[in-house]
Amino acid sequence: MSAPMPVNQTVVPAWNRMTGEEEGTDDLDPDLMEIEELKQKSKQYIERLERNRKNSVRDIVDGMQDVLSVVTEMRGVTAWEKKDLAVTISEVEEEVNTLASLVSTTGLTELYRKYVATKEDNRKLKRENKKMKEDKEVNERRIKRMREEIEHLHTEVDTLKIEMTALEDRARSVPAPECVPEEWRRSLLESVGTLVSARLNGLEDRLLPAPNYRPSLAVDKHPAKAASRRATTQEGQSSHLPSNNEDKEESEWTRVTGRRQKRKATPAVAQQQPPTPHAATSVPKTPTGRGKKEK
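Residue numbers (the working numbering): 4 to 298.
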């Protein structure tokens, strides 16, 4: 047999184009090491099958050519028989080549794709299974921690129940005082009343004396006369202030003479009428000499 022919480069590059990876690229991901190893083994297997296929086809073709040469050299074989044998051998060679090409380009590629896809699915399932195991461990730790916290809470609740029971027993053993709220209310009212009285007494000493208001007079209608009368009234207030004794003397003198009874009726009306904005203090007049002469 002759030397093996070059390997067919249609299967592996086709798979690389199908998977989107270039030939010779390596991935350092540990999860993809198994797929890379599988691809290398599959590539070697396909190369070996390709060599065997081509060698088998070559052996078949060589054998058919040997048969044809032997038949051609035989005596007693007609030219028609030799021609038919040559046609048959050529047809067999074409069929063998067609079958070999189909197996190499279609069958092996499809098997290779299915095999690698199955391994990829298995790898994904293993990764998901590993992740589920990790999640399970995390959940188990969380559940364990939650159980410990719940047990701690139960212990605290039991302790609080015991303390509450002890406090209730102690409260039942202590007798409740009678009329305590009434005594508190009475003492509070007395304290507030004393405080308010002290505040009012302190304010009473600081209050101004009550102003003395008089009714409006006819002279107030004339501004000039009212101004002069107001100035005279202020001078009289500053020089001589009326007292209770003078008021009593004037009232006694008026009662004796009876001459100023009508004019003195005005202050009585002023006490009944409401005060007006014109505030001024009237200065009582001293008795004149006319009254003494009449007396």
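It is worth saying that the hints were derived from the structure and are not from the lab.
It is possible that some hints are incorrect.
[Unchecked claim] Now the in silico label distances, taken between C-beta atoms and shown as ranges:
(1) 44 x 135: 44 to 50 Å
(2) 144 x 39: 31 to 37 Å
(3) 154 x 192: 52 to 58 Å
(4) 55 x 116: 17 to 23 Å
(5) 58 x 140: 39 to 45 Å
(6) 66 x 40: 55 to 61 Å
(7) 44 x 78: 52 to 58 Å
(8) 205 x 176: 19 to 25 Å
(9) 145 x 43: 41 to 47 Å
(10) 156 x 185: 54 to 60 Å
(11) 58 x 123: 28 to 34 Å
Quantities reported herein were computed from a predicted structural model and do not represent experimental measurements.
Just so you know, even glycine gets a beta-carbon here, dropped at the ideal spot from N, CA and C.
Problem - Broken hints, by number - result: Numbers 1, 5, 6, 8 and 10 - these are the hints that the structure violates, sorted from lowest upward.
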